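Visitor: Going line by line, the protein sequences match chains Y and S.
Adding 54 to a residue's 1-based position in the first sequence gives its number in this note's numbering.
Adding 54 to a residue's 1-based position in the second sequence gives its number in this note's numbering.
By construction, these hints were calculated from the structure, which means they are not laboratory data.
Check before you lean on any hint, since a few could be wrong.
Each pair may be met inside one copy or between any two copies, as identical chains are not told apart.
Said to hold, decoys possible - List of simulated lysine-lysine pairs, DSSO-like, C-alpha gap at most 30 Å:
| no. | residue 1 | residue 2 |
| --- | --- | --- |
| 1 | Lys-172 | Lys-294 |
| 2 | Lys-59 | Lys-172 |
| 3 | Lys-302 | Lys-418 |
| 4 | Lys-369 | Lys-154 |
| 5 | Lys-337 | Lys-66 |
| 6 | Lys-179 | Lys-305 |
| 7 | Lys-300 | Lys-328 |
| 8 | Lys-302 | Lys-337 |
| 9 | Lys-66 | Lys-191 |
| 10 | Lys-179 | Lys-154 |
| 11 | Lys-59 | Lys-335 |
| 12 | Lys-418 | Lys-294 |
| 13 | Lys-191 | Lys-142 |
| 14 | Lys-305 | Lys-229 |
| 15 | Lys-154 | Lys-142 |
| 16 | Lys-179 | Lys-142 |
Keep in mind it's a predicted model, so treat the numbers as computed, not measured.
Number of protein chains: 2
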Amino acid sequence: MRFSKAFIPTQKEIPADATIPSHQLMLRAGLMRQLTAGVYVYLPLGYKAMLKAMEVVREEMNAIGGQEIYMPALTPKSVWETTGRWDKIDVLFKLIGRDKKDYALGSTHEEIVTPLVKQYVNSYKDLPLAVYQIQDKFRDEPRAKSGLLRGREFSMKDLYSFHLDEADFESYYAKAREAYLKIFSRCGLDAIVVEASGGDFSRFSHEFQVVTPFGEDTIFTCECGFAQNKEIVEVGEGDKCPACEKGKIKKERSIEVGNIFPLKTRFTDAFDFKVMGADGKMKDILMGCYGIGPSRVMGSIVEIHNDKDGIIWPKEVAPFDIHLVEISGKNEGIRDAALSLYDELVHNGIEVLYDDRDVRPGEKFADADLIGIPLRLVVSERSMGEGGVEWKLRNEKDNRIVKMDEIHDVMEEYVKK
Amino acid sequence: MRFSKAFIPTQKEIPADATIPSHQLMLRAGLMRQLTAGVYVYLPLGYKAMLKAMEVVREEMNAIGGQEIYMPALTPKSVWETTGRWDKIDVLFKLIGRDKKDYALGSTHEEIVTPLVKQYVNSYKDLPLAVYQIQDKFRDEPRAKSGLLRGREFSMKDLYSFHLDEADFESYYAKAREAYLKIFSRCGLDAIVVEASGGDFSRFSHEFQVVTPFGEDTIFTCECGFAQNKEIVEVGEGDKCPACEKGKIKKERSIEVGNIFPLKTRFTDAFDFKVMGADGKMKDILMGCYGIGPSRVMGSIVEIHNDKDGIIWPKEVAPFDIHLVEISGKNEGIRDAALSLYDELVHNGIEVLYDDRDVRPGEKFADADLIGIPLRLVVSERSMGEGGVEWKLRNEKDNRIVKMDEIHDVMEEYVKK
């Protein structure tokens, strides 16, 4: 993508309405903009990063046997009445169609997926089953805030699993937990598994929390691995850890990037979903749900991976692989060298943002710092004089100059998956 | 994907509520199911095909310089008031948030994209610009019908282009038209470009229509290329063609799979979006919009590509590359041969639906015919006896048997892109 033709509206000024660093950076780097409270437009750079995060999620969900489906946002009142949640979920957006019927915009999809699976699954032989979707949720949050951290319309991956017995459920729940840690690790997020309330039907659910001073959650942790959400914790900061009985409890601010929840028979009972077992008797079905918000993950990545000059994307979710900066000063030889390098990279399947704009070098570097593509390549008069192109490699670990003849080796190492 | 674990609920019976062939086939092949009038759930097979159609659309939109963005469904009343469409669009779903404000669910996105682009584009140097999204639209259709052909919630690719003058607009419009024909051709659809009403602001818009007896549109065509929608046509069936003055006009039923529309200054004027030209004067901006519905494309593909036994997917949009049918009769040798072939294919990046179910061969073949993956591979006792696996190649052009040692050559030819 040539920067001169790209819709990447970067800005120097810190937007007045954004208070936390990730929100400021996402607006300044031209990733997104707010349409109305808690409702965002994703611009090309932001949407590219989000599609990459979605692909990571999709791969790991497929790896644990999840089958991708797609459920609608427009859902009839009747299914929410069956579970008693029409009046209970206060963030449900409700509307009336021309047919005079009531609808809700899905804030979650247990009410859709449970009768869907019930319709087709009649025998114990069809279980276990896990289906998921990557789809937009609507929640009429009274205080939509903090950029992508609490939206009224936001992307979500929600997986639902169905099991015949506790052991099978527990084993899948553990597998999903590992898959989640893998997703966050691939996205450059160091997530902690935190115990949270299990509602009426289970002792705990589990949240995946990323520690950051601007998080809106509070968690209590110990070095031994103990971690609980403030809603259920019974100790305070500095207390002796109730798990290892040695360490001291730390209190930290964090962002919730995912959660997994043992629903047990809460929804299968409501929809009277049972199957015939091998012994001819009707059996209860245990259910789990597993959520990750790709937009929230993106917000968290930006919150964690930045420095004073801008974002520093982890490789797997970077909107581009390489940021190619041409400093030509109208010199056609330099321009040609940059262009032919661009063509070669693109031809090799590498995604390149090529800054061919007619602006000052300082502006190009400032934008490159702000946008934060992990690898940067600079073609300038200086590098041409030395008979090679200077590759300035910049990421969290490294900041060095690579010569033209080394480019292909380094490319292998840094870019190829 | 192993069929025994797959969520592919095929059914023999023709569903009572589906009247047209594509709708019946999509339900019977387990591609989707209706949640409520005009609102569908896509099951794994259907969603896989739809993701492939979306990828074709994405590639061709990128090829004409479209930049992918993502706009929300939840949109504030104010933007619809600016264009006077809050009361004018009768299919607009409206709702009120907790904040007591009015919102509409986007039925189209001119009202969002125009002020978005206006915010960032200030100079003639930033134009032309083309942005698109693949996103769900909501339309409160009074008669939602015909499976995916008229839904109340449906996927849509909408591209919007912005230009400084008529010549640039016309040239892009022609490019988009070619891109559309390429998309339909890749999806196995033989689309005709049909002139339709241009509303108040332009002589014509253009629809892409696929001729089928179950289409809900009516078009009038001549062999010379003349084609008009019934809304604007001034001739009848059998009349002399007004274009070539030789051929006779044919009247045909068809499905609209896409449309492109010269919006000219209809929306840029409404939002007072002008830019400074090279001569320092403010210039009007011309706009075009270009729509394709991936779900409608999928419905049309199924409508066109089927025989009495089921769907026959075109290669590019088939949910799987190969349907591997194992007829083992509990023979472990055959089962092992099928499994190792499955592993090899998957390892080579080929998407395989492997029917490892413990059901009668007749049921496996009936499901394979119904689901319609273009290539079928059968591993049975007979093929083992001959020392090779029998590959039954079935698509619209071909129906033959390939021996094991030819498999890799044929695979290259048929599967690799």
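Visitor: All the hints need checking, so say for each whether the structure fits it.
Guide: Each hint tested on the structure:
| no. | hint | verdict |
| --- | --- | --- |
| 1 | Lys-172 / Lys-294 | neither (47 Å within a copy, 58 Å between copies) |
| 2 | Lys-59 / Lys-172 | between (50 Å within a copy, 16 Å between copies) |
| 3 | Lys-302 / Lys-418 | neither (48 Å within a copy, 61 Å between copies) |
| 4 | Lys-369 / Lys-154 | neither (50 Å within a copy, 43 Å between copies) |
| 5 | Lys-337 / Lys-66 | between (61 Å within a copy, 27 Å between copies) |
| 6 | Lys-179 / Lys-305 | neither (47 Å within a copy, 52 Å between copies) |
| 7 | Lys-300 / Lys-328 | neither (46 Å within a copy, 68 Å between copies) |
| 8 | Lys-302 / Lys-337 | neither (45 Å within a copy, 67 Å between copies) |
| 9 | Lys-66 / Lys-191 | neither (32 Å within a copy, 35 Å between copies) |
| 10 | Lys-179 / Lys-154 | neither (41 Å within a copy, 50 Å between copies) |
| 11 | Lys-59 / Lys-335 | between (65 Å within a copy, 22 Å between copies) |
| 12 | Lys-418 / Lys-294 | neither (52 Å within a copy, 62 Å between copies) |
| 13 | Lys-191 / Lys-142 | both (17 Å within a copy, 28 Å between copies) |
| 14 | Lys-305 / Lys-229 | within (28 Å within a copy, 59 Å between copies) |
| 15 | Lys-154 / Lys-142 | both (22 Å within a copy, 20 Å between copies) |
| 16 | Lys-179 / Lys-142 | neither (35 Å within a copy, 53 Å between copies) |
In summary, the numbered hints that this structure violates are 1, 3, 4, 6, 7, 8, 9, 10, 12 and 16.
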